[in-house]
Every structure is written in structure tokens, then in C-alpha cells.
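K.L.:
Use the sequences and the hints to build the structure in full.
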Amino acid sequence: MTVVDLALGLAVVVTAGAALLPRRRMTMVMGFLVMAVIMALVWLRLGSVDVALAETALGTGLLSAILVLLARGGPAPQGPEEPPRDDGAAGRWLPRLARAGAPVLAWAVVTGVFMKVWLEVERLLPAWEETLPAAMGPTGVEHEVTAVLLTFRSYDTLLESAVLMLAGVAVLAVTGTELGGRTASPGTTMSWWTRVSAPALVVVGLWLLFAGSSGSGGAFQAGAVLAGLMMLADASGARSLPDLRRAMPWGLAAGVLVFLAAAALGPMTGRGWLDWEPSWGFPVILTVEIALTVGIAAALHLLYLGVRARREVVA
Amino acid sequence: MMPLAADQWYGLIGIAVAVAGLVRLVTVQDLVARLVSLNVMGVGSLLLIMAVASRGAEVDPLLSALVITGLVITVAFTGLGAVLIRRLEGPDGGAEEDELP
Amino acid sequence: MVSLELLREIGAALLLITGAFFFTAGTVGLIRFPDVRSRLHALAKADTLGLGLVLLGVGVLLGSWTAGVVLLATWILALGAASASAHVLARLEREQREGAS
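In order, the protein sequence lines correspond to chains A, B and C.
For the first sequence, counting from 1, position 225 maps to 225 in my numbering; every step adds exactly one.
For the second sequence, counting from 1, position 76 maps to 76 in my numbering; every step adds exactly one.
For the third sequence, counting from 1, position 45 maps to 45 in my numbering; every step adds exactly one.
Quick caveat, the hints were computed from the structure, so don't treat them as lab data.
Be aware that one or more of the hints could be misleading.
[Stated by the list, open to error] Not everything, but these chain A residues come out facing chain C in the computed CB check (under 8 Å): (1) Pro186; (2) Gly187; (3) Thr189; (4) Trp193; (5) Val196; (6) Ser197; (7) Ala200.
[To be verified] Simulated coverage check for chain C against chain A, where a stretch passes if three residues somewhere in it have a Cβ under 8 Å from a Cβ of chain A: (8) 75 to 81; (9) 87 to 93.
[Claimed, not checked] For each label pair, taking beta carbons as the anchor points, the in silico distance ranges come out as: (10) Trp192(A) <-> Thr18(C): 28 to 38 Å; (11) Ala81(C) <-> Ala98(A): 46 to 56 Å; (12) Thr66(C) <-> Val113(A): 47 to 57 Å; (13) Phe210(A) <-> Glu98(C): 44 to 54 Å; (14) Glu5(C) <-> Met268(A): 54 to 64 Å; (15) Arg91(C) <-> Met268(A): 52 to 62 Å; (16) Val70(C) <-> Leu41(A): 13 to 23 Å; (17) Leu265(A) <-> Leu14(C): 56 to 66 Å; (18) Leu6(A) <-> Leu61(C): 17 to 27 Å; (19) Gly90(B) <-> Thr66(C): 44 to 54 Å; (20) Ala73(C) <-> Leu66(B): 27 to 37 Å; (21) Arg87(B) <-> Arg23(A): 21 to 31 Å; (22) Val14(A) <-> Glu98(C): 32 to 42 Å.
Every value quoted in this text rests on a predicted model; they were computed, and no experiment measured them.
For each residue, glycine too, the CB sits at the ideal point set by N, CA and C.
P.N.:
Below, the structure is given as C-alpha cells:
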């Protein structure tokens, strides 16, 4: 553990406080955004570029936009009312102290117990001294390992994309006409810059898709970047960019349907579910990744469209 | 001072943050504050998982995939929660509250 | 050869430290300045310059042309985004001031 770890860890705690304690919605959302940025650094520090990329694209990018939109449109802050002052301030300090102190006490006790357990147990849990394929290599299943891992990750990814699709469907179900409206433009500078930078963002998204360093991890980061681009195009009112709104339900369905069709290829050729001929692997996975990226971008964009306040929408 | 490894340290931080989020989640009234608390809790538990994953020489790939899944699910439920809060409070969102200070 | 390497690292370190200085100056300006426009001024200018210096330092440290081009593209994107958002915020501020008076 170095000074950098110490500083980063304390920064996480401080920003968590900044996200939890304020009473104004915008303030707590801002605290959470700073926390997400710090977390991206922590993931890098813990040695996982994949997780750091996902945090940057999803946590600090999309989540921040959604939360800021939500906090911006909300009603005026309604904190707990100040207790009436006139009935003798000296007699009322006990309940007030209890109300403020009980959560802190509960936090301290639970955290203390868990920390003790963590420090006792952490070294006893089995550790991963090497990566899984390397660990399974000597057992003579070298050829199968990639297939096993792929299948393993495939279920993971399939269910993940299904959850996102369900969230998108729920948004379609609860929002009505305002999905169709465009956001009022904040001026020509913004829309000009969005038009200029759109090609670069598309390239970044595709690069994340194809060069995604961890197999199926690439689609989520790429979908997040593309969803961010669509969000920017809508928020800046760049009218010359194509309006993809009507395509959203189709894109939403495409991701999961193509994945299921690809999964069914296995049984059709006499192999297991989600298991392909080794020579088919690359084209099948690439097709699935592209469809998944479309589906994820559509679902994330729908989440953005659903959370806009009506007064920001022009028909 | 007790010598701590980096993964132990981040595990402790994860615990502190996750429990703080939980306590805030059950004590606060405001819906957006609850959503943010839920997110803070999620970040804390993901940090704990990554601390477990990074004990060896290399980061454990399965747990990394799990954490990425967790991030995606977080975005999904936060976005859905945000849309639902927007519907609960009315599409116009009540009072104007976006003046610059 | 060793001295050349050392020289490069010293140059990169100087660039990084100068960049961090400009970032700090921009942040201090954001906190201390009285109104929206001077805060935007501090943020858009000092922070963008700081980012450019930090990226230049990283490029010198990496010493590869590919990384240099990617870092340059990053800086140009950040430059445009900072200018555009500062412009939008300043415009909003003017509209609100005119609406209030």
C-alpha cells in the first residue's frame, strides 16, 4: 500500500460523504459524479482497465447525465423541517442528538464488525494466483477452456443485455408522448460542435467495439459511447444529424434477438446451447457484438429520453 | 501502524462506503437521495469484490466480468428508477430549480 | 543515451507539474471567483491548458507517435467540449440575468 492508495481511498470516502450528506439534489448528484471519477482511478489502480473503461463510459458518462437531468427537473428541496424553536432549545437537544447520532452510530458499529471480519478472513479465502485459463491448462483441457470461458461469459452477457432491454421496455411502457419530442436547443455553438465531433465519437465507439480488450466486454462500453453521442445530438438540437428515435424499439429488440438466434445455432448444428464450431466463432461473436452494441445503445438512449422533464421538450 | 496491503485497504474502504450508503438509504426521505444512496452502496460492494479479485498476481478475470455486469445493472436500475421518479413527481417536475448561483 | 533518457523524463515531469499547477489554479478560480462568467473563464482556459500540458507530458513519457496522435485528438475534443459548454453556460446566464432585470 502506497501513499497514492491512501489518498485515493480517503478521496473515495470523502466523495461518498459528499454524495450522501447534502440536502439539495443537485449537490448530492455532483458529489456522486466526483465519486465516480475517483472510482475510475481506483479501478485502474487495482489493475483492471476493463472495469475502469466501463466505469468511465457508464458510471461517469451516462449515469451522470441521467442523474443531473433528474435532479435538475425535480421539485424544490424539502429537507426535514426545522423543529420549532420557541419551546425551549435547551430541552430539545436530546431527541435532536439521537436523530443525528443514531445513523452514525449504526454505521460505525456495522462497519467496525465487517472490517474486523474482512481483516480476519480476507487472507483465508482462496486467492487467484494466476488467471483461470493458466490454472486449467495443466489439466489437459486446453482446447476446451476457451469454449468454457466463452460459454460462461456468454450467459453473463446475454442476461445483462436482457436486463437492459427490460429497462428500456419499462421506459417505453411508462412514458407517453414526450418520448417523441426533441429537446429545446441551447444554441448554435453547441449543435455545431456536436456535428463536428460526431464522427470522432462514432470512431471511438467502433474502436471500443472491435478492439474491446476483454472479448464480450467491448459491446457495453461501445454502446455507452454511442448512446452518449445520441444523447448529445438530442440535447444540443443538432437537427442535421439523423433522428433515430423511431428505431429505438427495433434496436432494443435486435440485441437480444440476434444473441438468442446465435445461441440457437449451437443446437442446430448438433452442439450445445451457445456453443459454436470453432471456425464459426469469430463471425458469430462479431455479429452478436454488433447487435448487442445497437441494443445497449438503444436501451441507454431510451433511459435518457424517459427522464427529460416535459418543459425541456419541444414537440 | 498496522501494515495493510492495497487490496485489504480498498476492501476496508468498500465496506465503509457500502454501509454508509445502506444507512443513508434507510434513513432518508427524498427519492433522488435514495437512488444516489443505492448507487453509493453498489459502488462500495463492487469495490469489495474488486479487492477480492486483485489479491493475486493478476486480476481475476471472472470477478472483473462480474463487476462490469454490476456496473451495467447499476445503470439499468438507476435509469429506470429515475424515469419512475420523474413519473411520480409529474413530468414537469414541480418548481423551477435550475437558476445559476 | 542514459542522459538523454533522463532529460526526457525530467522534461515530462516538468510538463506534468506545470499542467497540475494550471489545474489547481483553475480549480481555485472556480471556488473563489464571484460570478458565473469569471468562473467559466477560469475553468475553460486554465483547465484546458492544464490538460494540454499533462497530455503533452504523458506523450513525451510514452515516446510513441501513435499515443501522441491519440492524446492530441483527446485534447482537441476536450478543447471543443469545454469551449462549447462554457459558451452555452454563459448564454444561459445572460438570458437569466436579462429575464430577472
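K.L.:
So, for every hint listed, does it hold in this structure?
P.N.:
How the hints compare with the structure:
1. Pro186: 5 Å, holds
2. Gly187: With a closest approach of 6 Å, the Gly187(A) hint holds.
3. Thr189: At 5 Å from the nearest chain C Cβ, Thr189(A) passes the 8 Å test, so the hint holds.
4. Trp193: This hint holds: Trp193(A) lies near chain C, its Cβ roughly 4 Å from the closest one there, short of 8 Å.
5. Val196: 7 Å, holds
6. Ser197: Since the shortest Cβ distance to chain C is 6 Å, the answer is holds.
7. Ala200: 6 Å, holds
8. 75 to 81: The restraint on the stretch 75 to 81 of chain C holds, since 3 of its residues have a Cβ under 8 Å from chain A and three suffice.
9. 87 to 93: holds (count 4)
10. Trp192(A) <-> Thr18(C): 28 to 38 Å: For Thr18(C) against Trp192(A), whose Cβ atoms are near 31 Å apart, the range 28 to 38 Å holds.
11. Ala81(C) <-> Ala98(A): 46 to 56 Å: 48 Å, holds
12. Thr66(C) <-> Val113(A): 47 to 57 Å: 50 Å, holds
13. Phe210(A) <-> Glu98(C): 44 to 54 Å: This hint holds: roughly 49 Å between Cβ atoms.
14. Glu5(C) <-> Met268(A): 54 to 64 Å: For Met268(A) against Glu5(C), whose Cβ atoms are near 59 Å apart, the range 54 to 64 Å holds.
15. Arg91(C) <-> Met268(A): 52 to 62 Å: 58 Å, holds
16. Val70(C) <-> Leu41(A): 13 to 23 Å: 19 Å, holds
17. Leu265(A) <-> Leu14(C): 56 to 66 Å: 57 Å, holds
18. Leu6(A) <-> Leu61(C): 17 to 27 Å: Given range 17 to 27 Å: holds, Cβ gap about 24 Å.
19. Gly90(B) <-> Thr66(C): 44 to 54 Å: At roughly 52 Å between Cβ atoms, Thr66(C) and Gly90(B) fall inside 44 to 54 Å, so the hint holds.
20. Ala73(C) <-> Leu66(B): 27 to 37 Å: Because 33 Å falls inside the window, the suggested range holds.
21. Arg87(B) <-> Arg23(A): 21 to 31 Å: 23 Å, holds
22. Val14(A) <-> Glu98(C): 32 to 42 Å: Cβ of Val14(A) to Cβ of Glu98(C): about 39 Å, so the range 32 to 42 Å holds.
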